[in-house]
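Keeping the supplied structure of chain U fixed, place chain E upon it in accordance with the hints.
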Amino acid sequence: NAGVTQTPKFRVLKTGQSMTLLCAQDMNHEYMYWYRQDPGMGLRLIHYSVGEGTTAKGEVPDGYNVSRLKKQNFLLGLESAAPSQTSVYFCASSYIGGGYTEAFFGQGTRLTVV
Amino acid sequence: AQSVAQPEDQVNVAEGNPLTVKCTYSVSGNPYLFWYVQYPNRGLQFLLKYITGDNLVKGSYGFEAEFNKSQTSFHLKKPSALVSDSALYFCAVRDPPGSGYSTLTFGKGTMLLVSP
Chain U
2 NAGVTQTPKF RVLKTGQSMT LLCAQDMNHE YMYWYRQDPG MGLRLIHYSV GEGTTAKGEV
62 PDGYNVSRLK KQNFLLGLES AAPSQTSVYF CASSYIGGGY TEAFFGQGTR LTVV
Chain E
195 AQSVAQPEDQ VNVAEGNPLT VKCTYSVSGN PYLFWYVQYP NRGLQFLLKY ITGDNLVKGS
255 YGFEAEFNKS QTSFHLKKPS ALVSDSALYF CAVRDPPGSG YSTLTFGKGT MLLVSP
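Going down the list, the protein sequences come from chains U and E.
Sequential numbering of the first sequence, starting at 2, is according to our numbering.
Sequential numbering of the second sequence, starting at 195, is according to our numbering.
Hint data in this document are derived by calculation from the structure and do not stem from the laboratory.
It cannot be assumed that every hint is accurate.
DSS-like mimics (lysine-lysine), calculated; alpha carbons at most 25 Å apart, straight line [unchecked claim]:
1) E:Lys263 x E:Lys216
2) E:Lys252 x U:Lys10
3) E:Lys302 x U:Lys58
4) U:Lys58 x U:Lys71
5) E:Lys263 x E:Lys302
6) U:Lys15 x U:Lys71
Looking at chain U on its own, in the form it has when it is part of the complex (with noise of 0.2 Å):
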């Protein structure tokens, strides 16, 4: 049981690349995240998804941007990257659930931006 899977695990671009993250999640379910963690700044929500074809903002989605076209998977893009975008990022999935059901991570993707 893979559970949550982010590709890739590092990652080193340039200032003005892009590149896409990929997170594949095999537990069926409805909800999916992207969080980015800093250094004393806790996990910030970039973009979510509630269901196949559905993205919506977080708290931070500046600069990304964020498709859902297959249930399983959840892409975060970074059109031109930039060193302030130097962060581990996490996806992670939950179901539905009603709000009571905890939500599981990938084992997150370090991305350095020079």
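For chain E alone, coordinates are given in the frame of chain U:
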């Protein structure tokens, strides 16, 4: 909007002693509260949650949490700390059902260091 505060950046405790990691919350309606643990270079792992019912919630690895509605707190506790408990701990709160989509809001995290 809901929010979570973890007032301590770091908690130090000796192995075998009880530990407490503090969390306070702000949410409209009934709170749905969670604790997660993050070991170095790993993702977050779910420890326990409070939905309703008993104010003392038991979770994984011997951890428990005490919900206090009057103090809007949800402190994480363990009777006897282990060195292996050293990690980063996050408190989180869900959107209440009916208040929009169900996102999770996290605190800034508390580093727990257990010394031998």
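Okay, the hints, checked on the actual structure:
For the hint pairing E:Lys263 with E:Lys216, the CA-to-CA distance comes to about 14 Å; that is within 25 Å, so the pair holds. Annotation: proposed proximity of E:Lys252 to U:Lys10 is violated, straight-line Cα distance about 33 Å (limit 25 Å). Between E:Lys302 and U:Lys58, the direct Cα distance comes to roughly 20 Å. Compliance with the 25 Å bound is thereby established for this hinted pair. Proposed proximity of U:Lys58 and U:Lys71 is supported: the alpha carbons are some 18 Å apart, at most 25 Å.
Taking the CA atoms of E:Lys263 and E:Lys302, the gap is about 21 Å. The hint holds against a cut of 25 Å. Between the alpha carbons of U:Lys15 and U:Lys71 the distance comes to roughly 30 Å, so the proposed pair goes past 25 Å and is violated.
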